[in-house]
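K.L.:
Single-letter residue listing:
Number of protein chains: 4
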Amino acid sequence: MPGNSFGQLFRITTWGESHGPALGVVVDGCPAGLKLSSSDIQRELDRRRPGQSEIVSPRNERDEVHILSGVFEKKTLGTPIALVIYNKDAQSKDYRNLKDIFRPGHADFTWESKYGHRDYRGGGRASARETIARVAAGAIARKILQEYAGIEIVGFTRQVGDIAADVGSFSLMSASALRRRVEANAVRCPDAKAAKKMEDFILKVKEEGDSIGGVVEVIAKGMPIGLGEPVFNKLPADLAYALMSLPAVKGFEIGDGFAAVKSKGSENNDVFEYANEKFSAKTNHAGGTLGGISSGLDLIVRIAIKPASSIKKEQETVTKQGEKTRISVEGRHDPCLCPRAVPIAEAMVALVLIDHWLRMKTSRL
Amino acid sequence: MPGNSFGQLFRITTWGESHGPALGVVVDGCPAGLKLSSSDIQRELDRRRPGQSEIVSPRNERDEVHILSGVFEKKTLGTPIALVIYNKDAQSKDYRNLKDIFRPGHADFTWESKYGHRDYRGGGRASARETIARVAAGAIARKILQEYAGIEIVGFTRQVGDIAADVGSFSLMSASALRRRVEANAVRCPDAKAAKKMEDFILKVKEEGDSIGGVVEVIAKGMPIGLGEPVFNKLPADLAYALMSLPAVKGFEIGDGFAAVKSKGSENNDVFEYANEKFSAKTNHAGGTLGGISSGLDLIVRIAIKPASSIKKEQETVTKQGEKTRISVEGRHDPCLCPRAVPIAEAMVALVLIDHWLRMKTSRL
Amino acid sequence: MPGNSFGQLFRITTWGESHGPALGVVVDGCPAGLKLSSSDIQRELDRRRPGQSEIVSPRNERDEVHILSGVFEKKTLGTPIALVIYNKDAQSKDYRNLKDIFRPGHADFTWESKYGHRDYRGGGRASARETIARVAAGAIARKILQEYAGIEIVGFTRQVGDIAADVGSFSLMSASALRRRVEANAVRCPDAKAAKKMEDFILKVKEEGDSIGGVVEVIAKGMPIGLGEPVFNKLPADLAYALMSLPAVKGFEIGDGFAAVKSKGSENNDVFEYANEKFSAKTNHAGGTLGGISSGLDLIVRIAIKPASSIKKEQETVTKQGEKTRISVEGRHDPCLCPRAVPIAEAMVALVLIDHWLRMKTSRL
Amino acid sequence: MPGNSFGQLFRITTWGESHGPALGVVVDGCPAGLKLSSSDIQRELDRRRPGQSEIVSPRNERDEVHILSGVFEKKTLGTPIALVIYNKDAQSKDYRNLKDIFRPGHADFTWESKYGHRDYRGGGRASARETIARVAAGAIARKILQEYAGIEIVGFTRQVGDIAADVGSFSLMSASALRRRVEANAVRCPDAKAAKKMEDFILKVKEEGDSIGGVVEVIAKGMPIGLGEPVFNKLPADLAYALMSLPAVKGFEIGDGFAAVKSKGSENNDVFEYANEKFSAKTNHAGGTLGGISSGLDLIVRIAIKPASSIKKEQETVTKQGEKTRISVEGRHDPCLCPRAVPIAEAMVALVLIDHWLRMKTSRL
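Chains as they are written, first to last, in this note's numbering: chain F, 1 to 365; chain Z, 366 to 730; chain P, 731 to 1095; chain G, 1096 to 1460.
Just so you know, these hints were derived from the structure itself, not from any lab.
These numbers come from a predicted model, not from an experiment.
Built from N, CA and C at the ideal position, the CB exists for glycine as well.
Be aware that one or more of the hints could be misleading.
These stretches of chain Z come out as covered by chain P in the derived footprint (C-beta under 8 Å, 3 or more residues) [claimed, not checked]:
#1 472–486
#2 701–709
List of simulated lysine to any residue pairs, SDA-like, C-alpha gap at most 20 Å [as the list claims (entries may be wrong)]:
#3 Lys400/Z to His847/P
#4 Lys1316/G to His1212/G
#5 Lys75/F to Ser1113/G
#6 Lys262/F to Glu573/Z
#7 Lys678/Z to Ser539/Z
#8 Lys1170/G to Leu1131/G
#9 Lys440/Z to Thr1055/P
#10 Lys1169/G to Lys74/F
#11 Lys35/F to Ala1127/G
#12 Lys804/P to Glu477/Z
#13 Lys685/Z to Lys206/F
#14 Lys647/Z to Ser539/Z
#15 Lys1042/P to Thr1055/P
#16 Lys206/F to Ser328/F
#17 Lys1238/G to Arg729/Z
#18 Lys627/Z to Ser113/F
#19 Lys1456/G to Ala1127/G
#20 Lys804/P to Tyr460/Z
#21 Lys1377/G to His847/P
#22 Lys99/F to Tyr639/Z
#23 Lys74/F to Lys1194/G
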């Protein structure tokens, strides 16, 4: 019930403040018998961590994961898997100047109002550093999905500011081919040309001490038919919930999404066809679900990410006492959140799918 | 855990097939002491029901609500409130021709695949008729929010196809003024000029045997500060979950939503100000939340609604056996879902807010 | 979260006041494909209803169940099954004299204090009439357990006041043989001799205008190995929770229960043996679980039931205003709750087992 | 849903294997603003740890708690509180001889059958060492109950084998007076005379290489009226669930419990009285609840604890392969679990009460 758990059958509970001793996650409900080592998890954390390129935050945190329970002789026990990432040098920086200031776009004001007490160091629990725990848990979900359900999840930066990728042929690529193109550049955009433009633009914005928004898309290939519960746990609802719970995400869509608004039923309906003993459809306007349940076509979702709130450029704001002041958020921030948001969004999609995949085992007698 | 309950502290469980004997909802967690009569609920059901105008389905269902428990001497007991709406003439129509056909855009195929057995009459539980239960439960949530929390929720049709309302001054209106303008026309669009165009366009589409999509916006005024839990139960996440669980909804956004993608941090951050012993902001790009917690500014969310899948226009499809066939979905369908989606979307927003309002009582010692 | 739902994967939500228009239950999570008709449920309700013999309440309620959703063409759909039992003549009796009196042993006082408003007619929601909903839902659980898991559940009256049944040979009987002996007398005690004594004693107590307590035992035969989760959802914990939530139940034990207190480890440990490719044990002090997980041996649980609080014998009490008064609870009450508690307790055991049986499908890869 | 979380609004998730790197718990839902330091928690862990006396396990584990999140500047943040206790020398002992043997009375057999893979070292997650996490979380619950709700919880050993404490006057003592008597001896029995006999008996049993059962009672004083939800979350049901989830617990009762079976309604009903503007009762057969809701009288519950399964005395058993063998469970085990079960049972009662205390804030408008 409190807000730090996610999932029903594959349930994660995350904890930790940005500048506290550690962050972590407990994964409860992971079935017994999965081969698992910390390197399976570290790989995904490395994709998320800062300092990977010029266009993301230059901090150099290693974010090393430790498995404290749930794995014995390299296989999961069916017991909770506790993962912890210790914060290094968390105490070194002095955040006392932020104690009494409400940074624009940040949770400082609402948090202070709600709880009457907050950890002002780097946003505390409201920091995006919290997503470490999600990526770590998501890595386990992903492994099961790949090895036991044949589902591959690939995310990428689809748009930065006005610059949109040309995604014409992505849907025809295999997951691994698409992933190779995604990981080939720092923006994580599979359209190499657009990626170059995005990168240049992000560097320019960074120089201005400003930030820019973008769109991240996640595709799941190899989807089974039947994931998703009718009514409230429709797959698109659970995915929206998962992705809108990420910091800085302001919008979600599945398939044609907002573009479907302008189309007619005769255009938007995906026409069924049957071949090789398999039902399919020529088009995928729906994005892989019908009535909230996966149809076997690729799952396609997108999120709108706002420009990062932490900018060097000076802004007006007020103190806790209501006095006007100006603030330049120093620190090593991301000028565009998209590149690092890709593995995070993938993790959230994985966490939704694993839950429905386990749940589906109980839908029929 | 199964997919037919919504909410944590104010928890609803809905049930019923489109053409079964009845539909209903159990509302568990409504505090004791609320004055409540069936007319409080009927009012909202009447806004949802078909047959209200030329541009919605012409069916004439009364959808009369009965309170079977939880209310005694006109006040809630703190026990579950069971509401039931009996289906009239449900058996009269013959749906046997749909037994073996997968209608494009509908859940027939995924449902059949998942469960191996389905009620093919009018979509069964996958029918949008299921939203009756949500509107009924939402009416109770709404009453508490209005009378005890001072929160007013107003929804409206913001766009139909290409026709967008001019919403410039809506944010300055009181909830009641805005609602009067919304309810003044059949499209439920507060911009009277745009409403006329929308209506004409919907009638044209209807004549073609086709359907058209649209955008519905919901605003909550009188928001307290502090609704929303950090991390997974962020207010935007719970709202996205609630609204994406509605049939035909393909996208969700809060505040500037997808438009924020193109803006810079220095433009998108809402600058705090302090006046009359109150913190506020000049702009509301965020749409009323910061870090997932309500800031006291108006809550503003939007959903993308696809064109209704049921159209008279003939479409290709396949039978359960995989044979090609053509289908014209007869019946009295909605050419545009927006007008009737307005009270439904409002109900879902109310259900999210009541839960967080109750929850907030436990956040501090 | 609110207190009217039970179960995780097979989740029931009950509603209804004793003298309101109806009582009911929504069963969410019943897998699709189960053959189900109202007679499957009615059979169990008939075992629970009053008026079956001299030693239970002489009221003559038919308690007829109606299935309002979830079943189509005689098979479950995988959607919520809504069951309703309308109250007959609920308004006929005048309970106004109880409006201001706190009956000893009843929930009148605590309910009034907690909610500030209560349905005083026959106890409202605190009435044992609420268990109708549990028995109805339990009948569905039971059917699945029998037909798909091979589990048979049999309960019986083991003790009334000082009179205990001789249960020596019950554990060796088949479920059906035991059930025949149980249903052969009004007390539902398989030891015919003790049953006669119990019946005579209950009639004597009834004549005195008093009531008497007892013990009900429930055995589940055909148990698979592996039901129960480690730590909090241990099978004994879930069973205790289920059975202690019944009105008038004051104690719970599994296997030797409180008698184990006096034994030594060397006596209490059940020694494993292996024969016919099956692990077993010579004794069953544990009552069918080890470490909270079913071992394949018979599950054996017992509950202590207090004497019914409603007695004709005059008792002292106070009014809502704090004035002393005397009360004789008129009405047609049960002098001993055990005979009717048997099907209710069986239902609760079934609801626990079905949940774990579904859950077990997700414990291994 | 998976079995390692407990509570709804004050929700704990425990993790860790007996011989893994660490054990821990995440406490989610602790309100902001509570003064909390590790010494508040350590105090309770010290009461639980082995090595305190001759009659408990002589192991010498320090079980030092570390707070990794949720507390800032000595006050809770409203965010998850992560507590960890590192296992010392966990690797040192060789448990390989237990890899293929099913110890009688232990979870080895059921766990192996359910998961196909288990941590055989000291029981892994099935070890009672897991209760460290419960005691740690319970210490926080307790602090809130004491400081904000005025509730004091005191547990004690009431019976060991045949030796029962004389508890005549305990109910009249203050919580602190009772606790002093409890902590005055190693058995934790407030009747000093009985305590001496119990101690002698336990030492004798220990010498025989055997173990003995007992009864632990927990009393909560200063109870508010109104804790507990009707129907499924009745206070006795939640308490039974909490306490029956502890290792080795085979029975639960509230108030007169199983003794109520032999009494009549006219004897068992607690007669209300009214004095000093307060409702009360002369007797407390019910044990502090009516209709599942706390009545303001002392809450009194008892659990039956079986003799520890680990005994030095040689027993017959079988190997994983089904071969007969004999086993003497070496190690430093508890000859009677009661003394150390006292703080554990208190912790579980605290966890139930805090949840209902938070929940009660939402029951009325």
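K.L.:
If you draw a straight line from the CA of Lys647/Z to the CA of Ser539/Z, is it 20 Å or shorter?
P.N.:
18 Å, holds
K.L.:
Against the 20 Å threshold, does the CA-CA distance of Lys400/Z and His847/P hold or violate the hint?
P.N.:
Judged against 20 Å, a Cα distance of about 12 Å means the pair holds.
K.L.:
Holds or violated: Lys1456/G with Ala1127/G, Cα cutoff 20 Å?
P.N.:
Within the cut-off at roughly 16 Å; holds.
K.L.:
Does Thr1055/P lie within 20 Å of Lys440/Z when you go C-alpha to C-alpha?
P.N.:
Violated, because 28 Å separates the two Cα atoms, which is more than 20 Å.
K.L.:
Just to be careful, I want the Cα atoms of Lys804/P and Tyr460/Z compared with a cutoff of 20 Å; is the pair within it?
P.N.:
18 Å, holds
K.L.:
With a cut-off of 20 Å on the C-alpha distance, tell me whether Lys804/P and Glu477/Z pass.
P.N.:
The hint holds at about 16 Å.
K.L.:
For the pair we were handed, Lys1170/G and Leu1131/G, check the Cα-Cα distance against 20 Å.
P.N.:
Roughly 6 Å separates the two Cα atoms, so the pair holds.
K.L.:
Against the 20 Å threshold, does the CA-CA distance of Lys1169/G and Lys74/F hold or violate the hint?
P.N.:
38 Å, violated
K.L.:
Between Lys262/F and Glu573/Z, is the straight-line Cα distance small enough, at 20 Å or below?
P.N.:
16 Å, holds
K.L.:
Would you mind confirming whether the straight-line C-alpha gap from Lys35/F to Ala1127/G stays at or under 20 Å?
P.N.:
Violated - the C-alpha atoms of Ala1127/G and Lys35/F are around 39 Å apart, more than 20 Å.
K.L.:
Next pair to validate is Lys1042/P with Thr1055/P; report whether the Cα-Cα distance is within 20 Å.
P.N.:
15 Å, holds
K.L.:
Between Lys99/F and Tyr639/Z, is the straight-line Cα distance small enough, at 20 Å or below?
P.N.:
Measuring from Cα to Cα gives roughly 18 Å; hence the hint holds.
Checked against the numbered hints above, the structure breaks hints 2, 4, 7, 9, 10, 11, 13, 18 and 21 and satisfies the rest.
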